[in-house]
Amino acid sequence: MYDTTAADVDALFADLSNNNQKRLLLYFHGGLVKTSAGMEIAERVLRYTNTKQANVHPVCFVWEPV
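All residue numbers for the sequence shown refer to the UniProt record's numbering, where the first residue is 1 and numbers rise by one.
What the hints contain is simulated information worked out from the structure, not anything from laboratory work.
Since we're looking at a predicted model, the values are computed, not measured.
Just so you know, even glycine gets a beta-carbon here, dropped at the ideal spot from N, CA and C.
Incorrect hints may have been included.
Unchecked claim - Okay, the calculated beta carbon distance ranges per label pair:
{"id": "1", "residue 1": "Val-66", "residue 2": "Lys-22", "range": "33 to 43 Å"}
{"id": "2", "residue 1": "Leu-12", "residue 2": "Trp-63", "range": "16 to 26 Å"}
{"id": "3", "residue 1": "Asp-8", "residue 2": "Ile-41", "range": "19 to 29 Å"}
Unchecked claim - Taking lysine to any residue and the SDA-like style, the derived pairs with C-alpha atoms no more than 25 Å apart in a straight line are:
{"id": "4", "residue 1": "Lys-52", "residue 2": "Tyr-27"}
{"id": "5", "residue 1": "Lys-22", "residue 2": "Ala-54"}
{"id": "6", "residue 1": "Lys-22", "residue 2": "His-57"}
Assemble the whole structure, with the sequences as input and the hints as a guide.
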């Protein structure tokens with residue numbers, strides 16, 4: 001799994017600013033599905049938004065259900 005630090009968040013916003021990125025897409029996986037399913041959906045989101053035409057920076061939140 002991936003852990004995010006405060007430095008990672010700072011780097012994200014610096015990158016957004018440096019690239020004049022105005023659109024941010026937030027994806028939160030619902031905690032009622034398996035983590036692996038949440039990661040698969042997050043990867044799909046990244047694939048669809050990883051183009052110049054999309055002009056959006058995705059940030060995905062995935063956690064283990066309790």
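A quick look at each hint next to the structure:
| no. | hint | verdict |
| --- | --- | --- |
| 1 | Val-66 with Lys-22: 33 to 43 Å | 36 Å, holds |
| 2 | Leu-12 with Trp-63: 16 to 26 Å | 18 Å, holds |
| 3 | Asp-8 with Ile-41: 19 to 29 Å | 21 Å, holds |
| 4 | Lys-52 with Tyr-27 | 19 Å, holds |
| 5 | Lys-22 with Ala-54 | 12 Å, holds |
| 6 | Lys-22 with His-57 | 9 Å, holds |
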